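Spelled out, the chains give:
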Amino acid sequence: MQDVGDTMLEIESGSVYFGDKTVRNIAEFLPRDTKSTDSQPARPRILIVDDERLIADTCAEILEGAGFDTRTAYNGWSGLDAMAKFKPDYLLTDVLMPDMNGVELAISVKKMFPATRIVLFSGQAGILEILHSGRERGYEFELLAKPIHPSKLIEALKTQPD
Amino acid sequence: MNHGTKNLALAGLDNDATLGENSSYLLASIVDSSDDVIISKNLNGIITSWNKAAERVFGYTAEEMVGRSILQLIPEELHPEEFEILKKLSAGERIDHYETVRMRKSGEKFPISVTISPIRDRTGQVIGGSKIGRDISDRKRLDNSRFRLATIVDSADDAIISKDLNGMIESWNQGAYRMFGYTSEEIVGSSMLRLIPKELHYEEDEILRKLRAGEKIDHYETTRLKKNGDLIDVSVTISPIRNNEGRVIGASKIARDISERKRMEKVLVQAEKLSATGRMAAAIAHEINNPLESLMNLIYLARQNCSQSSKAWQYLQTAESELERVSHIAKQTLGYYRDTGTPSEVYLHDLVENVLTIYQSKLLTSGISVHSNFNDLRKISVSRGEMLQVFSNIVANAIDAMRKGGKLTISLRKTLASEGEGIQTIIRDDGTGINQENLERIFEPFFTTKGDLGTGIGLWVTKQLVERRGGQIGVTSSTEPGKSGTSITIYIPFANPKISSISDVR
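Chains as they are written, first to last, in this note's numbering: chain A, 1 to 162; chain B, 1001 to 1506.
Be a bit skeptical, because a hint or two may be false.
[What the hints assert, rightly or not] Far from chain B, some chain A residues (derived; all Cβ distances over 12 Å):
1) Arg45
2) Gly65
3) Asn75
4) Trp77
5) Leu80
6) Lys111
[To be verified] For lysine-lysine, the following DSS-like pairs were computed, each having C-alpha atoms within a straight-line distance of at most 27 Å:
7) Lys152(A) <-> Lys1362(B)
8) Lys158(A) <-> Lys85(A)
9) Lys1311(B) <-> Lys152(A)
10) Lys1109(B) <-> Lys1088(B)
11) Lys87(A) <-> Lys152(A)
12) Lys110(A) <-> Lys152(A)
The hints are simulated quantities; they were obtained by calculation from the structure and are not laboratory data.
In this text the structure is predicted, and so the values were computed from the model without any measurement.
Idealized CB from N, CA, C, for every residue including glycine.
Construct all of the structure, not just a fragment, from the sequences and the given hints.
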C-alpha cells in the first residue's frame, strides 16, 4: 500500500508531472537579477527563503521555469532585506532556520507587506509548536510539507487559497 | 492440699508449735525464696504475712503491709472482688489461677494470676487465706503480641507459609488461601511441590538445600501454581526458622503476587518501545525530508533539461517515481499529510469513491467485487488528504488480503455514538483474515503481516490520523476457513476535537 498516496493525489488534482510547458533552459537564468526588464506582462514575483541553499536554488529554477520571477535568500534576515528590495507577490519560506525562523519572518512580512501571499514549507516534525506560537499571536499561514513534488508546488502557488 | 496450706500458714504466722524451729525456718526461707508472691491474710482482709517476692512485685516492704488491708493492693473498681473472695474463703472454698488486676505501690496496675486457699486452725476452722500470685504482665504481653502477630499474618496480602526442612507445609495464612486457592485444611501437611509448576520442581531442592545451610532467599521472582491450575508470578522471600539452640528446623516463606506488576512492566516496555520507535521514525524522516526535496527538485530540473525521447529522460522518470515512493514513506512515517489542504466539508462517500477509482484496475484484475452502501447523508469537516490516506490504506490492505478475489463491502452511515453524532465507515473484506495474536499488533509501527512487501506503517498512520481527528478505529477478523475476512470500523464525529491538532494549527 505504500505507494498509493501521492499517485492518488496527483490523479485527483489532475496535474501532470511537468507543470508548465514553457520551460526554459535553466542555464539561462542563473544571473536572475537581469530579469526585471522583460516587456511581457509582469511575471508574479516570488522570494524563496531556505537555509538549505540547494533547496532555495532549485526551487527558484523550477519556479522561474513555471513563469515566476524569483529571488532567493538563505536566512530570515536577508529574506527580510530581499522583501524590502524585491517586493514580491509571494514569499515561500522554510520554517526551521537559525536566527530568525520562517514563522517570525512570515509575521514580519505580514506586518510590513500585508499583500504578500505567504507559504511556509517544511520537512521538520518539530514545527508544530512554532506554527502554534504564530497562531496564538493571530497568524495563520499556509503550510506545505517537504518533500513536495515541483508540479504540486507550482500548482499550490497558482491556486488561490480559500 | 491441706498440707500445703498449713505450711503456708506456719510460714506466715509463725505461731505454730507443732513443728520444730528448724522446719519452721526452712519453710520461711522457701517462702521467701519463691518467685511467686505469697501473702496471707485473715478473714477481714488484713495482711498477716508478706514474702520477698511480694515486696518485689508490689513495691511495698513487709513492714509497710503487714497489718494493712489487702484492699490497698486492689484497684478501687475491683474492691467488690475482695468481698467475693472473702466470702468464698469463709465457706472454705479455694480459688485457682484467678486472673485479675492488682496495683503496685507506684499506682501501676498489672495483671496477676492468683490462687487463694483458706487457712484453717487446728480445729479445721477457716481463719484466713493464703494468696499465691504470679505477675503475668510479661505473659500477657506475649499473648498480646502473639495474637497481634497472628492477626497480622492472617490479614497480610502476602502469602505467609511455613514448612519443615522436608518441604512439608506447616502453616498457611489467609493470604496464602487468597493467592493459591487452597484452604489451610487442604494443604497443611502436604508438600510445597503442590504449589510449584512441574518444570520448576528443581527449584524446591535448591531452596531446601540453601535453607539447611541456614541461608536466606530474598525476593526471588518465580512462577507458582494455583489450585485452579493458573500460573502466578510471585516474588518470594524464604528464611530459615531456628529453634532455641539455633538449629534450623524449617522455613518461613513470604510470597507476593507480582502478576500485576509484571503485566505493568510489559505494558511499560511496550509503550517505551513504541515511543522510541516513533521518535526514531520522526528523527529519520526529519533528516531525510530536506535532501529529498533537493533531489526531487534536481531530478525535475534534469528532466526538463533533456529531450523527452532520450534514454536519460526515461531513467529520470523512473528515478522520480522511485523517489516519490521514498518521499511517501518518509511522510507516512512522520504521520502527517499536510500538503493536502485545510479541513473542508466533504461527503465521506465522495472520498471513498475517489479511492475506489484509484484502485479500480487493481480491484478488477484481482477479481474483487465492490459492494457499497452509502448512507452518510451529511458532509463532515475533515482533512481531505488525511481521510483519503485513511481509506486508501484500508482498501489497499483489503486488496492484499484477497489475492484470489473476493468481495469488498463498504458501508457508510450516520450514527449516534455515545460521544455524539458522527459517521461510521465499515470496510469489510472476505480475504485471508488476520490471526488473533497479530490482530492486537496491527496498529503498531513497523508491524506487518506482509513480510518484505509491507512497511508496517500504513495502519499505524491510519490510526493516528483517525484519532487526531477525534475518531476511533477498530478491527475484527477471522481466519476460519469459509468465514475468513477482516472488518475495519472507523468512527468520525461531526464535532472536531477540542485539543489543538494538526488540522487546527493549519
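#### Entry: Those earlier numbered hints the structure runs against, lowest number first
2
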